[in-house]
Each structure stands twice: as structure tokens, then as C-alpha cells.
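Protein chains: 4
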Amino acid sequence: MARVGIVGFRGYSGSELVRLLARHPHVETVLLDHRSDAPAAPAPLGAKQLAKASATGESVKAGKIGLIFLATPAEVSMELAPVMLAAGARVIDLSGAFRLGDIATYSRWYRETHTAEGLLAEATYGLPELCREGIPGARLIANPGCYPTAANLALQPLIAAGVIDRSAGIVCDAKSGVSGAGRGPRLDTSFCEVTENFSAYAVLDHRHVPEILMVSGIAEAELSFTAQLLPIHRGILETIYFRARSVSKASDLVDIFAKRYKNEPFVRVYADAVPNLHGVDRTNFCDLGVRFDPASGRAVVVSAIDNLVKGAAGQAIQNMNLMLGFPETEALL
Amino acid sequence: MARVGIVGFRGYSGSELVRLLARHPHVETVLLDHRSDAPAAPAPLGAKQLAKASATGESVKAGKIGLIFLATPAEVSMELAPVMLAAGARVIDLSGAFRLGDIATYSRWYRETHTAEGLLAEATYGLPELCREGIPGARLIANPGCYPTAANLALQPLIAAGVIDRSAGIVCDAKSGVSGAGRGPRLDTSFCEVTENFSAYAVLDHRHVPEILMVSGIAEAELSFTAQLLPIHRGILETIYFRARSVSKASDLVDIFAKRYKNEPFVRVYADAVPNLHGVDRTNFCDLGVRFDPASGRAVVVSAIDNLVKGAAGQAIQNMNLMLGFPETEALL
Amino acid sequence: MARVGIVGFRGYSGSELVRLLARHPHVETVLLDHRSDAPAAPAPLGAKQLAKASATGESVKAGKIGLIFLATPAEVSMELAPVMLAAGARVIDLSGAFRLGDIATYSRWYRETHTAEGLLAEATYGLPELCREGIPGARLIANPGCYPTAANLALQPLIAAGVIDRSAGIVCDAKSGVSGAGRGPRLDTSFCEVTENFSAYAVLDHRHVPEILMVSGIAEAELSFTAQLLPIHRGILETIYFRARSVSKASDLVDIFAKRYKNEPFVRVYADAVPNLHGVDRTNFCDLGVRFDPASGRAVVVSAIDNLVKGAAGQAIQNMNLMLGFPETEALL
Amino acid sequence: MARVGIVGFRGYSGSELVRLLARHPHVETVLLDHRSDAPAAPAPLGAKQLAKASATGESVKAGKIGLIFLATPAEVSMELAPVMLAAGARVIDLSGAFRLGDIATYSRWYRETHTAEGLLAEATYGLPELCREGIPGARLIANPGCYPTAANLALQPLIAAGVIDRSAGIVCDAKSGVSGAGRGPRLDTSFCEVTENFSAYAVLDHRHVPEILMVSGIAEAELSFTAQLLPIHRGILETIYFRARSVSKASDLVDIFAKRYKNEPFVRVYADAVPNLHGVDRTNFCDLGVRFDPASGRAVVVSAIDNLVKGAAGQAIQNMNLMLGFPETEALL
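Protein chains in written order, with the numbering used here: chain V, 11 to 343; chain A, 11 to 343; chain W, 11 to 343; chain R, 11 to 343.
These aren't lab readings, by the way, just hints derived from the structure by calculation.
Note that the Cβ used here is the ideal one computed from N, Cα and C, for glycine as well.
Treat the hints with caution; some may be incorrect.
Unchecked claim - Among the chain R residues that face chain A by a calculated CB cut under 8 Å, a handful are:
1) Ala48
2) Val188
3) Ser189
4) Arg196
5) Leu197
6) Ser200
7) Cys202
8) Val204
9) Glu206
Could you put together the complete structure from these sequences and hints?
In C-alpha cells form, the structure reads like this:
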């Protein structure tokens, strides 16, 4: 039985971790209190309570907690990751703090000072389907962003196969449910502002862009990325447009995905349909589908995930399974 | 006082016509019953009832109804337009029946037989901001599709100004509220299928594509258009991507719109923001905003309308105002 | 042309006032800035701007603003109402500050100190259909709460007619859209907490209860009132249960409403249906419907309003029309 | 390994059965095709398919399917239940066909002819917490209605304890998500009719009423029940009002629930809060909370379930677990 801790367990990603880990047969969860937590909700009489401790190095050592999930904003992650590592725990960080390899890129896109710069080089980017190798032995995992997860699982195999005419540019029109913005109250994520609305934000300028460039190997000038807010709780759908080359029919593109993800339990490929958000709701799947016009080479790939599962907590547990030697799909199917 | 009739007054576009015309000081509305109407909803005691008649040539003549709105499916419009014209009325058709100039294009995209082919050549495309000229004298107006209205108001001025590098292609990622699908019950527009979902349909293959090509003067191979279903009642937002040329900053693109639409009461241009759907809800506005990266030439234009107003009933009344010599904004501001 | 000012014009009730007054032919609106305002949203190029001033007595005097709407929280209304009255303006307050006739009742239900106690006795409760008399000459109007508006329009005529067996108690199960909670960001009104949810709050203990008791003449022990949050933007529906006496069929109850509201333009009565929220959306109507079981005397009345119109801004304008001698329905039909 | 079949596996309750049974370690699911099924959705490449057969007695015998879930409309259940029983299978019917003990009650409330009247007497009402006894040995289970499940779990213990003053009447104001209406397309459950709306239906006249009377032992004249449609996918919340007697504080009512459900894994009682729908989403729990005013005896109980789980598929599996000797919570926690 592995003891793992969660900081930020009342946030959306954190409570999703709690929900999913409840089904894990080899893991015991400890909730780690932090000053940034929201107040507790009422519990029913006789409810079984998970173990609790405070999010400090001492508690972690005393509680023999071997792995910590930081489901916290980047500034809290930068504060706690060094502490937890020093206390001997391994860390999976769900924030953006450690995803970008160098301080210059971080500073440009996050426009914040990095307070744990020394860990940037050590952190392993935890997208198992595309960079599995370093994960089992990692001490610090940077769990991927939600938008880049959906984008890279679609784009990286196509870039690698050389079937995208990059000179014409790639468009990634991304739409996300509101939980991606976190649980802190804000005017722009309040119910009345979001319901019956749809809005674009961070057009061409989203901080998740460098993760896509880094993993798929695209130049910034080649990618137009727009993030948009859907009036739903959870789910990300990205509609990706490009001109294909060396491809004569839709199934050529489908085959690239089918071969690449043949042994991957969490990527599903549709032969003759495009996915929607209901299909991935509360799952760790990334669903991919393709449309193609042979006459002009216009191609569209649709990529769908649940932002709180494959885009956050589910992928974090997938990484944990790999780090701790459990079956990769444990608690996730 | 002009007497105008509405066929399909219980559908979403039709009831929007009723709602908007109630504020028109120079128009008296007659509801024209048709066999395809949904059953009536209960009315409160003492409610004022609009005049009613049946949707036949005789009623129209007898009632001296000079102009008819057909808020009906294409097949009903093809049946009724010739009848109403023969009865001496002018017609504004909100369906797709008469929008495309020739039978070959219609057959290819609508995959249906056209039963009033003779009227195709006569019909005037009623998008006042871009083709105002023929509207006042028209006998038969083809009221534009909702998606093409938002797309053409964004694209046509840019194409005309030569600032789009068409060789790299244009992407129009379009999202619509559910009312665009009409009021007839269908599984794919039922509440449980749509709520907390988002899905693409008719990818690269939507019947509104030829209207965009026709008005903006783009070749089919240059445009990638995807229609997608938002879990909201009303509103269309289109995110349009292209590589700009002969342009050095965002305001160059804004200026093109600002000049073009200077005297247009229903197109609003944002200098430094992109529009959302709340801003156009229940209005006849089309809102336009721009993002641009000077280094790479990547440009994004966001175009937003209410699909039931500027995308249907509002634009139809705008056309009616022009045809009958009323101020263009009457009942619409 | 009357000059009227709005404090709180960026809140939900305040911006509804702006929207509705834009159609009023005899009123010129001045936006009155206050330190509690949210930041401004971007405006399109060339947008017509309303006049602006600051929410102080000097501005009001200088601007010859004769009537002020306070669309502000109670504590701001208690601060500004005396100031505005002293500056010579009449005041319509949309908060709960001046609705209850005495300080003891206010203190018990609002659990706050009243800082303008001296105005409690002077304030006139502005529910025109039930207490029209004092409104035209009033200096300070307490615009009714949203829940009490729907409840009292249903209950007061029935209590007055003596057809409710009060010994068996009256249940008012009330459901409201989220805009009733105001525009300030809060966890419990954030999108992810509300969507696909439904929750009761302030069960038996809502601060709107004393308004119902006061206007309908019911004792506290006779009324069970529960407020509940609907995952919608706007609308209040109340399902009211009681045992009827001296009544033998549903139409006896309908007739009481029909007679009482015969000349009221904003109350609609259904003979054989119960209303829903779409029917009153963005209108100043209160819709009433009845179900009755003659065998047992069980009766249900459904009352529906738009909480931002008849429950706030619309009713405030109705009061303004009466105070300034305009037709009661001006800008509201 | 028990082989169980599902008829209606593409409906909302049926697909919930499929989802939940996928986690059951002792059950193998067979999908039984029926002419009333909706068309299949596209499946990803390489998806594992469940076994399929047709919904006939021969298939059931040949496939050695020992238990059948009928997730079908009442008329299909009346047709198939006798066939499946004759083929040697046990049946859990999720429709209303066999819930009411006698034909007169069925005819009055369902207003349909019963075509399998002979099975009415044999059917066992499958609400384990209140009538557990007959379930393990039953051949035909009538799985309870969604509204009655939430109502009876709240009301039966209170009625049994004698703490409700029945002479004053009981009000059950019930609200349901749209999935309760089934998956067949209908105008009144289409997205645009439901979103941003709330409506009452079957006021005082819902066919689920006799199930509440039967199980809780209430007379029809004592209960006012209203069903209402929430703009959400799933969930039922009922707000239940009564005058309490022999009770002096809220905890007296809480204690009745706490004692009664002490050993029940699926009923949760809150000491000082009322439940909401997020708390029971996708669970088999029924959550109960209480508010009480000692001065007047007014009491409110809030009962919340997921209509597709505890109100349908989850409860059906709970019944199956009892019938087949599996732990009651298998696949449900």
C-alpha cells in the first residue's frame, strides 16, 4: 500500500484526484491541508474520512508519504515542490510551474517570477503516450497542461510523420469547460457571465502554447492557437486545421494515429467520425477523429479529452502508476 | 400601415419575427397557418391576438398582405414562394431555397431536388451591408444563412482589401446555438444530448459553405469551414484564421472594418477586444474584433451574431425595411 | 425629458435598468459612478455613450437629476439614499434597505445594523398592483424583493378573498435564477458549482419572508418558504400550496385573479395551464396559473416572473412611471 | 459469473446499466437488441464489444441468460416480461408496468390498458431500504420510480414514527433532470425549450403518486405532489413540507433517519445541512437533510438522488445483487 498525499484536495483537479484514487487498490490517500484551501463542505453522519495532515515537510516525513500531488496554483507549487522533495517525497505537480524547460520561456509566457528555478531542469514532462521514458524514475513530474495534452496527442504523430504542410500554418481552435480556470471565484467564471455565452481569450497568446511547440516540435510562427470558454463544467475539444501532404485519403491520417497509439490504452481513434465531449466525460481517454478533402489537401483533426481527467487528475494518476510500478490503467478504466 | 404575413410563426425564427415586429410602428402582422405548424401554446386570459389567416394565395390576396416572410424549411419555401408571388405579395424567404444562384450548386450542397428552380435567378441575396443595391426593388429576397452572415461580414472586406494571403488558406471555425437547427424534435438537439457537450458536424461539408464562397469571392479549396454545436439557445461565434499580408499591425485590420462599416448601423468594430455572444444577444448587431501577430502575420478575426436576429429574423426585417421604404433600423434598435 | 440617474449600473439590475430605459421616450439616463462599481467592459468604436457623473449629492444637483435608482447592495443604499434625498432627488431603492417598516423586523431578518433608520417610516413599498396609492407622491420607494413580488401577487388576493385554510399552513417553494444573487463573484454562484446542480438555501429563514407576511397579511407560523437556486440566468418560479375553502372548482380561484387583475397590464392569468419561465423571460409580467383537486381541497398556484424585470428593474421603472406621471407601461411592453 | 441481459441498452437508464455493470466483478453483460432501439453511435477502432443477442425467449435460453433488465417503456415491458419469465429468466423491470399492485390503480393513473395483468400480483416492489424482504427470492422485480424513491426514503420513516401531522397535509415539491423523460425526441425535452427554463407538469396528477401512497402509507388527499423539469441532465431533488408533532428540535427528525438507515449503505443523513444534486451525481446515494422551526412545528426535509442511478439503474443493480447473492454494494460504490 503506497501512501500518497494531495495538496489542493478541495480544488477541481484535487477533488478529482480524491475521487479517482478511491478506486485504486494499492494506494492510500492523505489529504494535506494548506492555507489556500477553500472551506470544507458539510459531511453526512458517519461518513468515512480520509486521513489528514498538514502540507509540510515534517508531516510528510512523519506520515511516510512517498508521493505528493500538488493540485495547486503555480506559485504554491513553486513553494511546496522543493519542500516535499527535501522531505524525501516524489512530486507530481499539476500546475504550470515546471513544464517549460528554461526560465526564459517561463518568464515570457507566464509573466511571473519563478521561485524554484533550480528544479526546472530536473522536472520530467509527464505525457506518457509521447514521452514515457523518463517517467518511471522521475523525482518531479510536471503534469501536462490540459490544452497541450489534447493538442500534442493529435499533432505530434502527424508532425513526426511529415504529413503536415507547415508552411501553410496550423490552426488549433480550442474550447474548454469552465473548471479549467480553477475553483477560485472570479467574475468571468461566474454562472451568469458564462451561461448562454461563448468567448475567446488569450487569442494567439495563451501560456499553454509553448508546451505544444516543445512537444510537437512546431515553430511559434507556424501555430495559431485560440482558447475559448464553453458554458459547460468539464471537457476540452480542439479542432485542428492544416494542409496535408503525402496523403491521399482520410484513412492515411487515421492510420498514422492507429499505428502510433495501437498499444496505448487511453487514446481512441475513430475511423469515420469525429469525437464529442460526451464520449470522454469523466474518462482518461483522448479521442481522435479526422476529416479530409483529397482535392485540396484540407484536413481537420478533432481531439477531445476531459480536462479534469486526461487533462489533469487522471493523467497525474497515470504518471503515478508508472512511477510506482502499478499497471498504467489502475483506477482509470 | 403595411400588412405583412408570417408563415412558420411558431418556429424559432418565426416567433422571433413576431416578437420584433410587435415593436414596428408601420407594420401590422398577420399569422399565416400552415399544416407544418407545431400546436399552439396556452394563452393567458384576455391576451390580444394577432390577426390570423391561412397560408394560401387566396387569403393573402383577400387580406391585402403585401409581403410574406417564409420562416419555413426549404421544401415548404419552394412550395409557397411561387404561390405568394403569384398572389401579388413580395417574399422574404428565410430558408436556403433561393440563396444559391444556380441549380447545380444547390443540388450539390443541399442534395435535394429544387421544386421552384425558375425563381433561383430572380431571387436577390439579402445581406444589406454587402449587397444593398438590389434589395429595395426585389420581389423575392433570399435571406442569408446564419453562418454566412457572420462569415461574410468578416471576410468580404478583408478579401476585397487584399490583405489575406489566400494561398495559405482561411479557416472559419464556427460555433452555433441549438436554435439554428430549428424547432422540430430530433435526438441530436434534445436537451440531454446537448447539455455539457460540444460537437462538430458537417466538417468541411456544410451547406452554408457556398454562400460564403459566393459573397466573399473565395475558392472552395481556400476555405476550411467547420460547424459546431454549442450548448446554448442562440448565438453564433466564428473564429477566423488567416495569414495577413500588406499589414503591419492589428489596427490596420481594424481600420479596414471601421472604414467599411462606418455608416452601417448593425456592424460594430472593437479596437482592442474580441466580441462574445452576450454582447450580441437578442440584437441585430454583428460584432467584429481582431488579434494579430506582426512577426508572423498570423491573424484572427472573431465575428459574433445572434443567429435568430442578424442571422435570421432581424436581418429579414432589415430587408423588409429597405423594401418598404422604412428606416433601416426600425424595430431593430 | 426627465433626467434620471442609476447607481450600480454595471450590476445585473442596474444594467437591466439601462437596457429598459433606452426605450423610454421621456427619460434621459445618467450613469452615476460609485466606488463599488465593477470595471468597464470594452466598447465598440463610435459607440454612443450615456452621460456620466459621480454618485454624489453635488453631481446630482449640478446635473438636475430628479430621480435616482439605487441598484446597489443594502449598505450602499443606506449610505446614498439620505444623500440623494438631501440633494433634492427622489429615490427608488432596489435593495432591501427600506422595505420593512420597522427597525426590529429589519434587524431580525437582515442581521445587520441599519444606518439610515430615520427613512424607514417614510419609505413607500412599491408594488403597484397591490399598493398603488402612495407611489405617485412618494419621495423614497422601496422597490419590492424578487421573491415577494411573485409570492404576494399570488397570495394577497387569495388571502383577501378568504379562500385559503390558513390553519393548514401555506407552502411557497421558490426557485430563482442566479442573477438574483448579484454580480459579485462568489464560490456558490460560480459556474461549475451551479451548472447541473440544484440547491436549497435559507430554508424557512430567508430575509424576503417578512415582506410576504407584511403584504399578504400572513402570520410567520403559517408560511413555509424555501428559496432554491436554479442553474439559469434569470427567472423566478414559485409553486404555492394550500388547502382551499369555500371553493368548488379551479375556475373559482382563477376568477379571483382574473377579477383582481382585470385592469393590471402586468399580471397575466391562465385559465387552464400553469406558467413557466420562458413565458416571462425579459418581460415585466407576472404569470399566474392554478391547479385544484375539488375532492380534497388541495390547491396549487404557480407564479412566474423575470427576477431582473418584474422582480427588480422593470418594477422600478413601473414605479418611476407612476411617480413622474408617465403611462405605467412606458418602456415595459 | 452470472450472465445478465439488458433490453433498452441505448436508452438513458439502459446505458447507465451498461456503464455500472462494467465494474461488476461477477457479472457478464449481454446487450439484447429490440426493434425500439435507437441507432448505434460510432465506436472507436479496436473497441471491445459486449456480447449481443436479440431480445427473444430463444436467445435468452440459448445464451443462458439468467436475469434480464428491462430498461424499456411500460408497453414494451408488458410485452417482454412474460416472454423472459417463460424462458426461465428472472426479470428486473425499470418501467412503471408492474409497480402498482392492482389493475384498477394502474388503469386510473397510467390511463393505458395493461397487457400483462397476470403478473401484477407476483411482482415484488424493489426498494431495498424499505421492503427488502421479498427481493432475494423474487422472480419479477418492479424497480421503483425515480420520484417515489426519493419521496419514500424521506417520508416512510417519518410516517412510521408518527411525527407528521397528516391532517395539515404533506407537500412534496419535486424537481427532476430531463433524462427522467427518456431518450425519445420530444418538443418539450428539446434543448431550446428546456435551457434557461423551469416548468411544472402533472401538478397533483403524476403517475408516480400512487407509489408514494402505497409505500409510505399516506392517503391521496394528504399529499400534494408536483413534478417539475430542471434544465439539467440528471438528478432529482424533492423539498418536502409538513407540520411535525411530538418533535421539539431538528435533531429529533435527524435521529429518526439516522437510526432507520444506520446500516443502509446508500442513504446518507446530514445533521446540519440540506443536500444538493452535485452531492449525489452519478452515485447510488439518497441524501437527506432537515430544517425545523420548533415554535410553529414547520418542517422541511430535502431528499436528493441521481434519477438514473438510485432512481433507476443503480437501484436495479442493488436489487440484482440481492437476488443473486452478491454484496449489496457491488459495482455501486
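Hint by hint, here is what the structure shows:
no.	hint	result
1	Ala48	holds, 7 Å
2	Val188	holds, 4 Å
3	Ser189	holds, 5 Å
4	Arg196	holds, 5 Å
5	Leu197	holds, 5 Å
6	Ser200	holds, 5 Å
7	Cys202	holds, 5 Å
8	Val204	holds, 4 Å
9	Glu206	holds, 6 Å
The structure is consistent with each of the numbered hints, conforming to all of them.
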